[in-house]
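Visitor: Below, each chain spelled out in residue letters.
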Amino acid sequence: SQTIHQWPATLVQPVGSPLSLECTVEGTSNPNLYWYRQAAGRGLQLLFYSVGIGQISSEVPQNLSASRPQDRQFILSSKKLLLSDSGFYLCAWSVRIRSEAFFGQGTRLTVV
Amino acid sequence: AQKVTQAQTEISVVEKEDVTLDCVYETRDTTYYLFWYKQPPSGELVFLIRRNSFDEQNEISGRYSWNFQKSTSSFNFTITASQVVDSAVYFCALSEAKDSNYQLIWGAGTKLIIKP
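Chains as they are written, first to last, in our numbering: chain U, -18 to 93; chain C, 178 to 293.
There could be a bad hint or two in this list.
As the list claims (entries may be wrong) - Facing chain U, a subset of chain C residues (Cβ under 10 Å, in silico):
1) 202
2) 219
3) 220
4) 222
5) 226
6) 268
7) 272
8) 285
9) 286
Treat the hints as calculated values from the structure; they're not laboratory data.
Computed from a predicted structure; not experimentally measured.
Note that the Cβ used here is the ideal one computed from N, Cα and C, for glycine as well.
Let the hints inform the model, and build the full structure from the sequences given.
Guide: Spelled out as structure tokens, the structure:
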């Protein structure tokens, strides 16, 4: 069966520090991968999605970037965190671009 | 433009009551997909159902049921005999099957509180 791992679960980082969140999927090949952010515990905002290695689409201009160095690995990064980057970050995967997505457990990021 | 509206920000009911979560969507496309997700306090989003726009049959899964009405652009979710474990934020989402670009529009979510 397919599983998705996302880490760390919680992270407290100072303003201006770098960020690296990692997500890996097991049990499937060539998944579509997604990074979402959820602010204030409610609405979901799509940040990036990827349909293949090295293919990244950005939905929202921001202080963040994403990379997909391997088929089942998706990384969310920042060179310098801002206070506004605080939030709950969720990684997800799907079989096809419009099929249901399955989510990781999320990373709660607090920038101080 | 696509839009998903979950007008109920928060619903609170007593355990064993039935509760319906509303979802109204807007789309110009004839082919689209609708989804419901559950987000318990732990934070992980749990997929509940996907519905194709060509399939208007209602779906029942245990205590959960979904009513898809294209005429009113609604995809409502009902929990029968609610339980405390149903307490969560529930999201409705819409995806158009138009081109290769990914576009999943999420509602703002409805927080459901089930009181013992």
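Visitor: Checking each numbered hint in turn, tell me which of them this model violates, lowest number first.
Guide: The structure breaks only hint 1.
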